[in-house]
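Sequences listed follow chains G and E, in order. Counting with the numbering used here, you get residues 1 to 172 for the letters of the first sequence. Counting with the numbering used here, you get residues 1001 to 1131 for the letters of the second sequence.
Read the hints as simulated data drawn from the structure, not as lab findings. Note that the Cβ used here is the ideal one computed from N, Cα and C, for glycine as well. Hints should not be assumed to be uniformly reliable.
Footprint (simulated), chain G over chain E, 3 or more residues, beta carbon under 8 Å [what the hints assert, rightly or not]:
(1) 1020-1031
(2) 1042-1049
FRET-style restraints, in silico, Cβ to Cβ [unchecked claim]:
(3) E:Ala1044 x G:Pro153: 45 to 55 Å
(4) E:Ala1027 x G:Lys145: 23 to 33 Å
(5) G:Ala135 x E:Gly1128: 49 to 59 Å
(6) E:Gly1037 x G:Glu94: 50 to 60 Å
(7) G:Arg27 x E:Gly1118: 19 to 29 Å
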Amino acid sequence: MIAGEAADLLTFRIGPARAALPLSIVREVVQAPAIVEVPGSHSQVAGVTLRAGVAVPVYDLLIHTPLWARPEEMAVAPGRRSSAQHLIVCGFGEVLVGLLGEQTDFLEGSAPPETTTRSETIRPEYLRGHLRSGAEEVALLDPAKLFASLGVPDGGRPPATEDEGEEDPAGR
Amino acid sequence: MKLLMVSVGSGHYAVAADAVVQIFDPALERGFVPDGGSGEIVRAGARHRVAALPAARTRPAGTGSRLYLVLDEKTGRCVLPIDSAEAIQEVPGTAIAPLPSFIFAGERRPFRGIFFDGRGPRLLLDVGALA
């Protein structure tokens, strides 16, 4: 999204906050996919799901404490996952990343975000600004900063597909 | 490749069947000494290193595994505690998607990939990383 331009957004709820991502990075939204927990993964990784033969890591932003201004007030106890039923699959460079959310909605041609920091819930360093959707304030997430904080490598890495993966899981 | 489907706690995994030397029930083994925190078991007078999944390590105290897999890999032999061995299934290598390395908290990656087993997605254990 270019500063000053209207952009289509996907809005969603994560815990106490209504957040948004540029629709241009969203590949699909899936309801309640099968997510497999991966022992030994980072705490913010809810698991992995299979989408069209690709292993997509699923992140639970509600338990990603760096995102929140007051993580101690989050409703989710340590080690537990949020109950969000939607998986928002995003393309970050060539990597697919899944985010758990709920009440997903489409916000068409929204006005450029205000840069003033008003959010009391999400830390401002992860935001591009704020928008209004009806009576509700929407925090527009900065995908690059958000995904970097989750540990997702920046863009250029090839996707984890069977054909192009750096390692053959079948051991051939 | 032939995969042995196993369960550990609430997790469902698969192990390359050709790496499994034996499956045994500790209740039927004479002289079996369970892992008392040393990371080893004693079976027939010999010590075997126990390779446990992180999920199995968090199992509540007193809820021991029902079965052990004896695994043989290039790096050595070890035993893997499991709760049940379900079936052997032929899974084409092309059906197994590798896991992105950046999701793991440590250097050790106990899983090689994920595949659909007919009912849902299942993780394939990396026996080499366990042994």
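Consistency of the hints with the structure:
1. 1020-1031: Result for this restraint: violated, n = 0.
2. 1042-1049: violated (count 0)
3. E:Ala1044 x G:Pro153: 45 to 55 Å: With Cβ atoms ~47 Å apart, the hint holds.
4. E:Ala1027 x G:Lys145: 23 to 33 Å: 54 Å, violated
5. G:Ala135 x E:Gly1128: 49 to 59 Å: 56 Å, holds
6. E:Gly1037 x G:Glu94: 50 to 60 Å: Cβ of Gly1037 of chain E to Cβ of Glu94 of chain G: about 45 Å, so the range 50 to 60 Å is violated.
7. G:Arg27 x E:Gly1118: 19 to 29 Å: Cβ of Arg27 of chain G to Cβ of Gly1118 of chain E: about 26 Å, so the range 19 to 29 Å holds.
Violated hints, listed in ascending order, are 1, 2, 4, 6; each of the other numbered hints is respected by the structure.
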